[in-house]
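One-letter residues, chain by chain:
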Amino acid sequence: MLNYFGQKFKDNGYQLMNDRDAPIWQNPGYWPVTFRITPIWHRVSQGKVAVDSTASESGQVEQRITSSGFDLSGLDFHTGGTLEKNFSFYVLPSSDPTASFHFETVMGRLDNIAGSPWLNVKFGKFELDNLLSEKRILTLTGNGGIYQLYHFMPVGDGNPFAQMGDNQLGVEVMGHSYNDRTRYSVALLSSNDGQVGLPYGAESYSTFITASQAFDAGKLGVQRLGFYVFAGQAPTTWLTNLGAPIGGSGTGNQGFSREGFVGQFYFGQHFDVQVVTQHGSDSAWFGQGYGDLIDNPTGLCNAYVDGTVVQQPCNNTPGTQLVPGSRNPTWNGVLIEPHYVYSPQLIFLARYETIKMSQQSTPGTRSDLGNITTYTIGYRYNPFMTSRAGFAWHNEFNLFHQVGTSPLSGTNINTSELLTGFDFDF
Amino acid sequence: MRFIGAILFTAILGLIITTGLTVRAFAQDAPDVGPKPPVVIKPMESHIGNVTGHAEAAKSDFRRYCAGCHGDFGDGNGENAVWLDPKPRDFTLAAFKCRSTLTGTLPTDEDLFNTIARGLTNSNMPVWNTFTKQQRADLVAYIKIFSPRWEHEKAGTPITIPAEPPVTMDSIAHGKALFTKLECWKCHGTHGEGDGPSASTLTDSKDNPIRPYNFALGKNDSRFKCGNTNQDIYKIFMTGVDGTPMPSFADVIQPNDAWDLVHFLRTLQVNRHGKENEVLSAAHGVIPPYVDKNPSPAAAPADNKAPGGGQ
Numbered sequence: 001m002l003n004y005f006g007q008k009f010k011d012n013g014y015q016l017m018n019d020r021d022a023p024i025w026q027n028p029g030y031w032p033v034t035f036r037i038t039p040i041w042h043r044v045s046q047g048k049v050a051v052d053s054t055a056s057e058s059g060q061v062e063q064r065i066t067s068s069g070f071d072l073s074g075l076d077f078h079t080g081g082t083l084e085k086n087f088s089f090y091v092l093p094s095s096d097p098t099a100s101f102h103f104e105t106v107m108g109r110l111d112n113i114a115g116s117p118w119l120n121v122k123f124g125k126f127e128l129d130n131l132l133s134e135k136r137i138l139t140l141t142g143n144g145g146i147y148q149l150y151h152f153m154p155v156g157d158g159n160p161f162a163q164m165g166d167n168q169l170g171v172e173v174m175g176h177s178y179n180d181r182t183r184y185s186v187a188l189l190s191s192n193d194g195q196v197g198l199p200y201g202a203e204s205y206s207t208f209i210t211a212s213q214a215f216d217a218g219k220l221g222v223q224r225l226g227f228y229v230f231a232g233q234a235p236t237t238w239l240t241n242l243g244a245p246i247g248g249s250g251t252g253n254q255g256f257s258r259e260g261f262v263g264q265f266y267f268g269q270h271f272d273v274q275v276v277t278q279h280g281s282d283s284a285w286f287g288q289g290y291g292d293l294i295d296n297p298t299g300l301c302n303a304y305v306d307g308t309v310v311q312q313p314c315n316n317t318p319g320t321q322l323v324p325g326s327r328n329p330t331w332n333g334v335l336i337e338p339h340y341v342y343s344p345q346l347i348f349l350a351r352y353e354t355i356k357m358s359q360q361s362t363p364g365t366r367s368d369l370g371n372i373t374t375y376t377i378g379y380r381y382n383p384f385m386t387s388r389a390g391f392a393w394h395n396e397f398n399l400f401h402q403v404g405t406s407p408l409s410g411t412n413i414n415t416s417e418l419l420t421g422f423d424f425d426f
Numbered sequence: 001m002r003f004i005g006a007i008l009f010t011a012i013l014g015l016i017i018t019t020g021l022t023v024r025a026f027a028q029d030a031p032d033v034g035p036k037p038p039v040v041i042k043p044m045e046s047h048i049g050n051v052t053g054h055a056e057a058a059k060s061d062f063r064r065y066c067a068g069c070h071g072d073f074g075d076g077n078g079e080n081a082v083w084l085d086p087k088p089r090d091f092t093l094a095a096f097k098c099r100s101t102l103t104g105t106l107p108t109d110e111d112l113f114n115t116i117a118r119g120l121t122n123s124n125m126p127v128w129n130t131f132t133k134q135q136r137a138d139l140v141a142y143i144k145i146f147s148p149r150w151e152h153e154k155a156g157t158p159i160t161i162p163a164e165p166p167v168t169m170d171s172i173a174h175g176k177a178l179f180t181k182l183e184c185w186k187c188h189g190t191h192g193e194g195d196g197p198s199a200s201t202l203t204d205s206k207d208n209p210i211r212p213y214n215f216a217l218g219k220n221d222s223r224f225k226c227g228n229t230n231q232d233i234y235k236i237f238m239t240g241v242d243g244t245p246m247p248s249f250a251d252v253i254q255p256n257d258a259w260d261l262v263h264f265l266r267t268l269q270v271n272r273h274g275k276e277n278e279v280l281s282a283a284h285g286v287i288p289p290y291v292d293k294n295p296s297p298a299a300a301p302a303d304n305k306a307p308g309g310g311q
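Chains A and B supply the protein sequences, listed in that same order.
Note that the working numbering gives residue 397 to position 397 of the first sequence, counting from 1, and the numbers run on in steps of one.
Note that the working numbering gives residue 178 to position 178 of the second sequence, counting from 1, and the numbers run on in steps of one.
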């Protein structure tokens, strides 16, 4: 999350707005770049993993796998700043722990168009205007290091195109009042989950709209309330060549939506609570597995062919129909994240997230299949505070619970992770 | 059990080490090497309207948002100070640029409160209007802990600003004459571009180089350090900008003179739409000579073309 000054700085295009923002005012030795990486020790205990049985048995069984050891996070390579007054940029090559890089963010930004803070434009690949930013998340574990709400997909669903936590490709128009109390943004996005090269559909777009209003609540601080809507269409099928999908040939656009409220509540200097709610809905086509053909490990979807329900390749071969009675999968979720800021150098945090299905795509499916509940606690201690570098000793514990998704028995999965590490940037 | 034990061990170890490091860090807050005495937070208050600020309440905000430039001890020696021009304010001197009080006196709480909210253009002091009023009031109180002046002196009395007279060509012409007579051009330049003959020699009260204000920059968004209204410019003449070479003219000019000067200075903002430039445009950009009954002995340089006037 950003504090309200940080939010305003970002909304001003990374400018202080004191007529000293153009690079000519910067020290010639200054280059706006930051590396961030985190060496960690973590212990992961994952329940009900399908494993081959021992020699005395046959087939597979479910078993808990626990591992621990020293490890690395990926590397983020932030560089951003102003090119001229009201022209700014942000480029973020990011790697996984094996140093395989991709562009997490690449965008140019024009600010205060026509002299108005209400008109700013961002173009490229960027984080959606989530008030509770996953890119500035305070947690690092596998399940706790993301907001489940920002990535949730029902069991069997094939729609990866509505992940609010992933940076997206598109153009965003945003604006704000002079003191940033009122802010809005509207983005037009390619429905490809931020993947370059148009790998999915050629003609599918989505939109992310959000607005919020902050209030001065005296000694409590600045409170903010807002809403968001992420809605659009994405392809469900592809043309194929000898059975293999042809990149960019996506067709059969179907709809999806994610909408909810966001609240940032401060209770004096030390305590705050961030809340996000979500109602999500996917087209029944996605619910039956159509959509992400490229990354779908099985490549199979539920289809109704010649009066029979079958699993067939998700390329919508002639005669394919949705399984009769298929419905739009829908769900509701909430995320609550309190922080206790003992001092700017020591912050304690917790998070509770729960997502509950309200309608499964396939009739007869147990109603709670895929429900998620996760708890995270942790604290970060920064032994020093400077504007040139950062260092946090990070400690975190996460519990993750999902209903009915163990691979063999279809029972509940529980996963836990304990992590300690040095999170630093320079 | 082994797992729970691992959690407990990590948590307890973490808290012990964190506590130790916290105590150590608080004992040497500043980034400099070597131990520093802790900041003593005197029980200072500020009063802005019905909001009362308390220094103690601003400790965290000052550390987080202000100390990077102004320093933990308010002496303007924060870690970023070396990179900044102009340098951050040294609160231990209790000399402030933007005041409604006479030169040399302490500003009112409201002056400091407004400065925090407004920021200082052409410096690295941002606009802090994202703070709540309470936070700003607390910070005003916190600023006072750094100088003993706040314990022994009261804030000065705000000056009275008379009603602004109409903008006329006479007023502008008189302002232009005063600009010459008072030798404003020596620093600000004949066209107000901050390039007068003395400009390169100016230093502030800490001997740091300082540039005079360039009126010609910007358009309608051009801002002054201490506010954007004509009243704010008037205040600058009458109170001066303490800590800089800009003096107070309270003892030199009459209120109406100051208003005339304000009207003329507005015409130096050649790209700004305003009443003053409308009057000037109506006169085809020519400011007629002002007949001064008491001409100043100070003469403008030979190449001193009349400022303004659309030249």
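Since the hints were derived computationally from the structure, they do not count as laboratory data.
Backbone N, C-alpha and C define an ideal beta-carbon position, used for all residues, glycine too.
Please note: incorrect hints may appear among the correct ones.
Claimed, not checked - Only part of the chain A face toward chain B is listed, based on derived beta-carbon distances under 8 Å:
| hint | residue |
| --- | --- |
| 1 | Asn18 |
| 2 | Asn27 |
| 3 | Asn179 |
| 4 | Thr182 |
| 5 | Gln213 |
| 6 | Lys219 |
| 7 | Gly221 |
| 8 | Asp272 |
| 9 | Ser387 |
To be verified - Taking lysine to aspartate or glutamate and the DMTMM-like style, the derived pairs with C-alpha atoms no more than 25 Å apart in a straight line are:
| hint | chain 1 | residue 1 | chain 2 | residue 2 |
| --- | --- | --- | --- | --- |
| 10 | A | Lys219 | B | Glu45 |
| 11 | B | Lys133 | A | Asp425 |
| 12 | A | Lys219 | A | Glu203 |
Now for the hints, and whether the structure bears them out:
1. A distance limit of 8 Å between C-beta atoms decides the matter here; for Asn18 (chain A) the minimum to chain B is near 5 Å, and the interface restraint holds.
2. Hint status for Asn27 (chain A): holds, given a least beta-carbon distance of 5 Å to chain B, under 8 Å.
3. For Asn179 (chain A), the interface hint holds, the least distance from its beta-carbon to any beta-carbon of chain B being 4 Å, beneath 8 Å.
4. Interface restraint check for Thr182 (chain A): the shortest CB-CB distance to chain B comes to about 12 Å, outside 8 Å, so the restraint is violated.
5. The interface hint given for Gln213 (chain A) is violated, since its Cβ lies 14 Å from the closest Cβ of chain B, which is over the 8 Å cut-off.
6. Given the 8 Å rule on beta carbons, the hint for Lys219 (chain A) holds: about 5 Å separates it from the nearest Cβ of chain B.
7. A distance limit of 8 Å between C-beta atoms decides the matter here; for Gly221 (chain A) the minimum to chain B is near 6 Å, and the interface restraint holds.
8. The beta carbon of Asp272 (chain A) comes no nearer than 13 Å to any beta carbon in chain B, farther than 8 Å, and the hint placing it at the interface is violated.
9. Interface restraint check for Ser387 (chain A): the shortest CB-CB distance to chain B comes to about 5 Å, inside 8 Å, so the restraint holds.
10. As the CA atoms of Lys219 (chain A) and Glu45 (chain B) are separated by approximately 15 Å, the hinted pair is consistent with the 25 Å bound.
11. Only pairs whose Cα atoms come within 25 Å are accepted, and Lys133 (chain B) paired with Asp425 (chain A) is rejected, the gap being roughly 33 Å.
12. A distance of roughly 50 Å separates the Cα atoms of Lys219 (chain A) and Glu203 (chain A); the hinted pair therefore is violated under the 25 Å criterion.
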